[in-house]
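Colleague: Build out the structure end to end from the sequences listed, making use of the hints.
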Amino acid sequence: MKTMGARSFILYIFGLGFLVGLCVFLYGIVMDGGNWAMQPFNKHLTSGSQLSNGGEILDRNNVILAKSENGKRVYNADETTRRAMLHAVGDTKGYISTGIQYNYRSELSGYNLITGLASPTGKSGGSNIKLTLDSALSKLALQQLGSRNGAVAIYNYKTGEMLCMVSSPDFDPSNPPKDLDTDKTGKYEGVYLNKVLSSTFTPGSIFKLITSAAAIEAIPDLDSRTWDCNGSITIDGNKITDVAAYGKLNFKNALAKSSNVAFSQIAIELGTQKMTAAANAMGFNKSFDLDGITTSKSVYKVDGAKANELGWSGVGQYTDLTNPYHMMLMMGAIANGGTPVKPYLIDRITTQFGLTTKSGRTQMDGQFLSSTTADRLKAYMRYNVASYYGDNMFPGLAVCAKTGTAEIGGGKNPNGWMVGFSSDTRTPLAFAVIVENARTGMSSAGQIASTLMISAAKTIK
Amino acid sequence: MALNNPVVKNIIYLVLFIFRIIVPFISLAVVIKCFSSLKRGRRREDPVVILEDMVTHEVLPVLYWENSLGRSKSCDIVLHDATASRDHAVLMRRESGWIVTDTGSKSGTFVNGTKVQGQTQVFPGDTMAMGSTALILKRTSDTNQIKLKNSVSRQAASPFGLLFSVTFIQLLLCIQACFSGGKFSYMPTIPFAALFVMEWGLYLYSMKGLGRVSFELETIGFLLSGIGILLISGMDVKSTYVQLGAVAAGIILFSIMIWFLSDLDRVMRWRLAIGILAVLLFAANLLLARERNGARNWINLGPLSIQPSEFIKIAFIFVGASTLDRLQTAKNLTGFIGFSAVCMGSLFLMRDFGTACVFFVTILIIAFMRSGSVRTIALVCSVAVFGAFLILQFKPYVAQRFAAWRHVWEFANQSGGYQQTRVLSYSASGGLFGLGLGNGWLKNVFASNSDLVFGMLCEELGLLLALVVVFSLAMLMFYARSDVTRSRSTFYSISACAAAGMMLFQTCLNVFGATDVLPMTGVTLPFVSLGGSSMVAVWGLLAFIKASDERTYAARRKSK
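Read top to bottom, the protein sequences are chains A and B. Just add 1 to the spot in the first sequence (first one is 1) and you have the numbering used here. Just add 46 to the spot in the second sequence (first one is 1) and you have the numbering used here.
Because the hints were derived from the structure by calculation, they are not lab data. Ideal Cβ positions, reconstructed from N, Cα and C, are used throughout, including at glycine. Do not take every clue at face value.
PhoX-like, lysine-lysine: derived pairs with alpha carbons at most 25 Å apart [what the hints assert, rightly or not]: (1) A:K258 with A:K413; (2) A:K44 with B:K55; (3) A:K3 with B:K184; (4) B:K489 with A:K44; (5) A:K240 with A:K258; (6) A:K379 with A:K249; (7) B:K152 with A:K3; (8) B:K229 with A:K44; (9) A:K3 with B:K119.
Derived list of chain A stretches under chain B, where covered just means 3 residues or more per stretch with a C-beta under 8 Å from a C-beta of chain B [claimed, not checked]: (10) 5-17; (11) 22-30; (12) 103-115.
If you anchor each label on the Cβ, the simulated ranges turn out as follows [unchecked claim]: (13) A:N36 with B:V54: 28 to 38 Å; (14) A:G293 with B:S461: 30 to 40 Å; (15) B:A376 with A:F10: 16 to 26 Å; (16) A:I14 with B:A376: 18 to 28 Å; (17) A:Y13 with B:L350: 36 to 46 Å; (18) B:R447 with A:Q274: 46 to 56 Å.
Modeller: Okay, here's the thing in structure tokens:
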């Protein structure tokens, strides 16, 4: 029987297999249990819709943006506020995948490993989430956009708090239109996208800031150089044009007047390598993360581009694409000496028992550009506003900014951009505004930026 | 009766939640107590008798109930004698006393000078001669050369206490079931009462009637069966009636098998008949079965539908296991492998892929324990791999069953992943303590109370209790393994290991299939899943493990 004892060790192989399998399952349920439970088909969460029994979402002033009542998800009483906050908060069905209600559904539903979705008292055990967003400012942003599509992003570049994140087109989450998913005319195109985080647009002239940064680093006598801007320049048989003939321009006026002739030549002079290096250092071709929500990548790709294409890329055309959140972050970087404070959206998550499980805090992101380059760029941008756009747009805020009018072709009107920040330390606000189908950047995005900065500065002071 | 008062309702919620916290901890305590008692109750590896060499007066302790004697180092009693055969003889302890059998030695075995033919009784003082060695059988008390190990108490855990705890667990679960779905119903008390009668009936029969000292394995069986039945009662009380009948039938089978297994000569005589019966049962299955859910493994006998393959599992172990003297004389596995091939072939014709896997693993365990030959195992495995390859080659639709494996979320609303994603989602929803009996949603998914029962257990009663259930099934196997050299015969050792290994492997297929760790095969979770034939059969399998416990037949001898 001794040999039987030895041979019986074969059973340990099965025992080991059992333990391995069990570990795979337990590892899964511990690491991923929240996602497993948060399925649209899970009837413990839904009675037809998600989050029928979830925690509250509040703005920075404790205005209730969403809560659950009697097994239904209800939103803020004001329709414009509901629409303005739609993309940040998310919809009831969870189609807006960058919304808080989707990304933090396990926190809101009260899922945890110990009790799952069970609640000993029979009531919702979900956490409440307080956002850093200002719903009044967001409402104003949506009112300013009006019927136009676009995106607005504002954050405090000293603390990192996101104050405004609005995307249009939108819909009312309390009364979703019946034709939302069946419409074929395109009026709801991109309605589930938060354009601040998930869209990219042709940048146009705002890209000249990147070209400028590259030039500051690479051209030592930049400020003593001049460019002849006679309305157009032909490179390899392709004509690059300006709105008007500006004559001889030094660098700071070339930026202020936004001369394509000057900047395309600078880009060609710098070459693909230096341009690509500067763009990559300033956050192109990579995505960012806002409280676990991933943003779309801005694109700068000039491999194999011809000289005229490189020229166009230097003025924000060609294949260039930028993401509004990234542009806002870049403004934060320039304002903050080259290294931005990382933005955050969630002020804190508090469980039903009052325990704070997550709270937002100020932390630095990676460096975008050197502090000397940032400070010189900041001075040029300040000059833009002071001498061209007019400080009466932003009274008392010492705003540094750049506008852009991006041609998108296809017979459509251009995209209007304005990006910038207040250099006054009492109002550390950075913004990025884009309006689709606009005439010029100044007339569209510029007006919205002006109104919002004035309003935001009042609340922050 | 609806519970309308919100305050009362909340208090009930809270109390039921507390019950769900208590249940897994008591269950775990019962399981630990059972297995520690089983471990304590194993026979100590002290010498049973001794053999003394007549010439050298060397004392050879006889440690086991069945001992091989021979020149080979793997023998239990090694004869340092060039004239002895490698495996010369087997010395066995039986009810009647000590028996020696010659296992085909060249020079023969002699007891008091008479050549051994078949089984020959040996008494203390008798001389056994093998080759040029002569050994005298002596009692351990006849010598002081052997030191006994410090005796540890073999006192079993109080069977009354164990069963009482199980009844208490069942009472808590029954109360849960009564309040399922926010309404009160007295219906779940019916299965509770039936369980109560059965478990205390068996207790009285075996403790008072048969005078046995241990009840640990039966306790585990009742704990698991009770959890399964009360889980189903939260869904539909009527469907527990068949299951309760199956437990009753299982207990009867368990008792009959323990009686039957007590006489190994009888078992060995009936082995061929059992094997033929199993083959006939397969044949009947193939002829009579109607296809159900893609497999043809059911036959209808009047109002009952029976799954013959479940019972063939028991027959399979009967045929596979063997006493040591027969293992020594019949070394090749041809008969067993042939029988296995017939079983596997029938299962493939029935398209019962899951059961075929369970049989295959049991074949591996039995074949290895009988032969100890890695080469045989490698051969069996390579034949299986080749067979699997052929099946995938000629029946490509089989491969489709694996398409969703490890990708179930991509198939969440299609046939390949629908069930698994529901199991995962609802298991996670249950947390550690569950959402309450009858409050789950997984019960609406097809096969929720059989193939997916692990998910239902997690959802309604919590992950902790589900883990206690699978843990106790794993412990059965580890117990069977640790008892191998201490049972009364290699027949019991092999059959217990095969039965426990079979149950654990079936547990793996069920649990891991439902949770997408392994492909879904559709086998039952022993004791817990709804399924009459399966329930009866696992009690039969439990009898093999019970028989390997030396104490099972000790009381009977004392009472003689």
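Colleague: So, for every hint listed, does it hold in this structure?
Modeller: Verification of the hints:
About 24 Å separates the Cα atoms of K258 of chain A and K413 of chain A, which keeps this hinted pair within 25 Å; it holds. For the hint pairing K44 of chain A with K55 of chain B, the CA-to-CA distance comes to about 21 Å; that is within 25 Å, so the pair holds. Restraint check for K3 of chain A and K184 of chain B: satisfied, since their Cα atoms lie roughly 21 Å apart, inside the 25 Å limit. Of the supplied pair hints, the one linking K489 of chain B and K44 of chain A holds, its CA atoms being roughly 12 Å apart against a limit of 25 Å.
Taking the CA atoms of K240 of chain A and K258 of chain A, the gap is near 19 Å; set against the 25 Å cutoff, the hint holds. Our distance criterion of 25 Å between C-alpha atoms is met by K379 of chain A and K249 of chain A, whose separation comes to about 23 Å. Note on K152 of chain B and K3 of chain A: the hinted pairing holds, with a Cα-Cα distance of about 23 Å set against a maximum of 25 Å. At roughly 19 Å between alpha-carbon atoms, K229 of chain B and K44 of chain A fall within 25 Å of each other, so this suggested pair holds.
For the hint linking K3 of chain A to K119 of chain B, the alpha-carbon distance of about 11 Å falls within 25 Å, and the restraint holds. Proximity of the segment 5-17 of chain A to chain B, defined as three or more residues with a beta carbon under 8 Å from a beta carbon of that chain, is established by the 11 residues found. Interface restraint, the segment 22-30 of chain A with chain B: holds (6 residues with C-beta to C-beta distance below 8 Å; minimum three). As drawn, the segment 103-115 of chain A meets chain B at 4 residues by the rule of a beta-carbon pair under 8 Å; at three or more, the given contact holds.
Distance hint check: the CB atoms of N36 of chain A and V54 of chain B are about 36 Å apart, consistent with the given range 28 to 38 Å. Look at G293 of chain A against S461 of chain B: about 34 Å separates their beta carbons, and that is inside 30 to 40 Å. In this structure the hint that A376 of chain B and F10 of chain A lie 16 to 26 Å apart at CB holds, the actual value being about 24 Å. Between I14 of chain A and A376 of chain B the Cβ separation comes to about 26 Å, which falls inside the hinted range of 18 to 28 Å.
Distance hint check: the CB atoms of Y13 of chain A and L350 of chain B are about 39 Å apart, consistent with the given range 36 to 46 Å. Checking the proposed 46 to 56 Å range against R447 of chain B and Q274 of chain A shows it holds: the Cβ atoms sit about 54 Å from each other.
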